[in-house]
Amino acid sequence: MKVVVCTKQTPSTTADLTVRPDGSVSWDDPGGKPNVVNPWDEYSIEEGIRLKENHGASDVIALTMGGDESQEALKTALAMGCTEAILLSDAAFAGADTLGTAKVLAAAINKVGDVQIAIFGKSAIDGDTGQTAVQTARKLGWTPLTFVSAITAVGNGQITVERLLDDGKETVTAPLPVVISTVKEINEPRYPSFMGIRKASRATIPVWGAGDLGVDGVGSKVDWSKVYALPAREGSVEIIDGDSVQQKAAKLVAKLFEEKVI
Amino acid sequence: MSSIYFNAEHEAFRQMVRKFVETEINPHVEEWEAAGIFPAHQLFKKMGNLGLLGLTYPEEYGGGGVDYWYQTILMEEIGKADAAGPPLGIAVQTDMATPALAENGSDTLKREYLAPAIAGDLVAAIAISEPGAGSDVAGIKTWARRDGGDYLINGSKMWITNGTQADFLCLLARTSDERGFRGMSLFVVPTQAAGFSVSRKLDKLGHRSSDTAILAFDDVRVPEANRIGPEGMGFILQMRQFQRERLAGTLMGVSGMEKMIRRTITYCRERETFGQPLIDNQYIHFRIAELLTEVEALRQLAYHCVRLYIAGEDVTKEVSMAKLKGGRLSREVADTCLQFHGGMGYVEEYPMARYFRDSRLMSVGGGADEIMLGIIAKYEDILPRRKKA
Numbered sequence: 058m059k060v061v062v063c064t065k066q067t068p069s070t071t072a073d074l075t076v077r078p079d080g081s082v083s084w085d086d087p088g089g090k091p092n093v094v095n096p097w098d099e100y101s102i103e104e105g106i107r108l109k110e111n112h113g114a115s116d117v118i119a120l121t122m123g124g125d126e127s128q129e130a131l132k133t134a135l136a137m138g139c140t141e142a143i144l145l146s147d148a149a150f151a152g153a154d155t156l157g158t159a160k161v162l163a164a165a166i167n168k169v170g171d172v173q174i175a176i177f178g179k180s181a182i183d184g185d186t187g188q189t190a191v192q193t194a195r196k197l198g199w200t201p202l203t204f205v206s207a208i209t210a211v212g213n214g215q216i217t218v219e220r221l222l223d224d225g226k227e228t229v230t231a232p233l234p235v236v237i238s239t240v241k242e243i244n245e246p247r248y249p250s251f252m253g254i255r256k257a258s259r260a261t262i263p264v265w266g267a268g269d270l271g272v273d274g275v276g277s278k279v280d281w282s283k284v285y286a287l288p289a290r291e292g293s294v295e296i297i298d299g300d301s302v303q304q305k306a307a308k309l310v311a312k313l314f315e316e317k318v319i
Numbered sequence: 005m006s007s008i009y010f011n012a013e014h015e016a017f018r019q020m021v022r023k024f025v026e027t028e029i030n031p032h033v034e035e036w037e038a039a040g041i042f043p044a045h046q047l048f049k050k051m052g053n054l055g056l057l058g059l060t061y062p063e064e065y066g067g068g069g070v071d072y073w074y075q076t077i078l079m080e081e082i083g084k085a086d087a088a089g090p091p092l093g094i095a096v097q098t099d100m101a102t103p104a105l106a107e108n109g110s111d112t113l114k115r116e117y118l119a120p121a122i123a124g125d126l127v128a129a130i131a132i133s134e135p136g137a138g139s140d141v142a143g144i145k146t147w148a149r150r151d152g153g154d155y156l157i158n159g160s161k162m163w164i165t166n167g168t169q170a171d172f173l174c175l176l177a178r179t180s181d182e183r184g185f186r187g188m189s190l191f192v193v194p195t196q197a198a199g200f201s202v203s204r205k206l207d208k209l210g211h212r213s214s215d216t217a218i219l220a221f222d223d224v225r226v227p228e229a230n231r232i233g234p235e236g237m238g239f240i241l242q243m244r245q246f247q248r249e250r251l252a253g254t255l256m257g258v259s260g261m262e263k264m265i266r267r268t269i270t271y272c273r274e275r276e277t278f279g280q281p282l283i284d285n286q287y288i289h290f291r292i293a294e295l296l297t298e299v300e301a302l303r304q305l306a307y308h309c310v311r312l313y314i315a316g317e318d319v320t321k322e323v324s325m326a327k328l329k330g331g332r333l334s335r336e337v338a339d340t341c342l343q344f345h346g347g348m349g350y351v352e353e354y355p356m357a358r359y360f361r362d363s364r365l366m367s368v369g370g371g372a373d374e375i376m377l378g379i380i381a382k383y384e385d386i387l388p389r390r391k392k393a
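Residue numbers (this note's numbering), protein chains in the order written: chain A, 58 to 319; chain B, 5 to 393.
There is no bait here: all hints are sound.
Label pairs and their calculated CB-CB ranges:
#, chain 1, residue 1, chain 2, residue 2, range
1, A, N213, B, K23, 32 to 42 angstroms
2, B, G378, A, G88, 37 to 47 angstroms
3, A, G268, B, D284, 51 to 61 angstroms
Straight line, CA to CA, 20 angstroms or less: simulated EDC-like cross-link-like pairs of lysine to aspartate or glutamate:
#, chain 1, residue 1, chain 2, residue 2
4, B, K263, B, E34
5, B, K263, A, D86
6, B, K84, B, E300
7, B, K23, A, E103
Rather than coming from a laboratory, the hints here were simulated on the basis of the structure.
Even for Gly, the Cβ is constructed at its ideal location relative to N, Cα and C.
Required output: the full structure, derived from the provided sequences and hints.
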């Protein structure tokens with residue numbers, strides 16, 4: 058059984074998003090942190106590795122679509138313990154929306170072959186759409202299992218998972234193959250080890266292009282007609298004064314009633 | 005950071021260590037500072053699992069087998085932690101208590117103590133200073149007398165970092181009546197040995213999350229096989245071990261100073277006085293620019309030391325210079341940064357006060373500034389000539 062983990066390289070969590078008047082956007086980390094593997098994907102990478110450690114997966118293959126620089130995200134996946142990594146890169150993939158990305162990922166998963174589980178993070182912290190996992194499942198014709206907080210059993214051609222929903226959890230069993238999107242409650246991602254980093258830095262990462270995957274017309278069906286920054290929040294601060302804590306609390310409560318907060 | 009010293013693999017390693025510090029150390033700093041100790045066994049095991057405790061040591065003992073640039077990164081990144089106590093304990097494990105064992109210990113001794121120290125299963129401490137001899141190492145009085153095939157150790161050791169938690173000590177003791185440095189040997193002493201005790205834990209100005217102790221030895225029996233290197237060579241081996249200790253300390257100091265300055269820049273940008281951010285005062289941004297220049301100069305001296313160390317050169321003079329400058333500069337940086345924080349620098353609610361307290365150790369520990377001056381003067385042959393009798 059092979060497991061594929063679909064990752065993305067994103068700006069760091071401390072990077073600031075700047076939207077310019079012409080609608081172009083950029084990310085800049087004030088501390089100079091480089092781009093990272095999408096933080097939500099760390100959970101999916103960890104779960105992929107655990108499927109090998111605990112559920113007999115033979116290979117855990119990390120995939121990402123992007124430019125050459127995205128190799129760094131794949132190296133993080135290798136350093137954490139993925140057995141293989143493949144970069145999906147082609148000029149024809151540039152500007153892809155989530156559906157285009159799903160098309161490429163599905164083609165790559167089919168090309169890897171014998172994949173029973175494809176795992177995604179719940180979303181990418183830059184685009185934050187959370188659509189790619191289900192769209193990839195649709196392209197593959199596999200069952201999508203979203204918001205998975207635990208994989209409890211894998212065997213006999215099926216998988217049982219817990220899904221974390223707004224009002225509770227549900228246990229779901231589905232036939233393999235499946236596409237899973239994970240939430241952070243699923244595990245505690247490991248750090249890439251020193252030896253893992255050493256090994257990953259020497260790994261040669263294969264690059265699959267549009268020709269290798271037999272895909273064309275990736276592009277984007279979504280048109281971003283206008284991108285603009287949110288207006289700055291306005292607010293003011295009022296210090297509640299009083300002679301005692303009780304008096305201050307009473308004033309605060311009165312104020313909260315007055316403002317219809319409570 | 006683009007650098008002629010570090011490649012993409014180094015940077016990936018740096019990011020990993022940085023994340024480890026931010027996740028495994030910083031969130032616990034307040035609790036550990038209040039407790040006066042950090043859980044070394046717990047933290048070291050996590051580090052051992054990641055291969056962080058023996059980067060430069062041979063792979064056959066579980067080490068990484070890489071050069072000191074990786075250790076440089078480790079020291080720089082742990083040096084940025086929110087308290088200097090845990091980094092000090094880590095550096096004792098990697099750069100102060102184990103280098104002599106790794107270089108001069110027998111294979112058996114290394115398998116018994118170095119390998120578990122690298123794995124994070126054993127906590128190490130370095131036991132050199134005594135109540136009557138600190139930087140003046142040649143004046144130590146702890147004895148290891150031969151008794152059959154063993155040594156019996158008697159005496160006391162002071163200022164021992166990791167002292168209440170250590171599983172073994174790298175200990176310097178006298179083994180003959182020869183005066184000065186000639187009669188000393190280095191030993192690995194397990195702390196579960198009969199006759200060993202922790203006299204007391206010391207209450208310190210800074211590095212409060214690191215346990216520092218006075219240790220007592222009352223007929224502590226250690227086998228001859230626990231001696232590191234030949235008898236009588238202990239002082240020489242320790243002097244070599246000190247170079248790595250001081251280099252590691254300098255590297256941590258540089259990144260610690262940078263952390264203080266960066267935090268101060270952020271504060272001075274946010275804090276407004278007389279209608280403008282503090283940083284807009286020329287005195288303040290000039291002073292910060294000057295301190296950054298000094299820190300960068302020290303970093304380059306430290307990197308020069310790393311290059312010499314990797315090349316196998318004697319780094320004693322250069323490392324002594326780096327540590328001396330580091331100690332003095334860290335006092336200057338901490339004092340200036342605290343001053344620019346005003347009242348916020350003086351309250352324990354804000355980390356600046358802790359950085360200030362922690363910064364004071366560098367001029368005192370691992371050989372005081374005055375000892376560094378003596379070493380440099382000796383290497384430059386400018387010490388007073390001894391009068392012939």
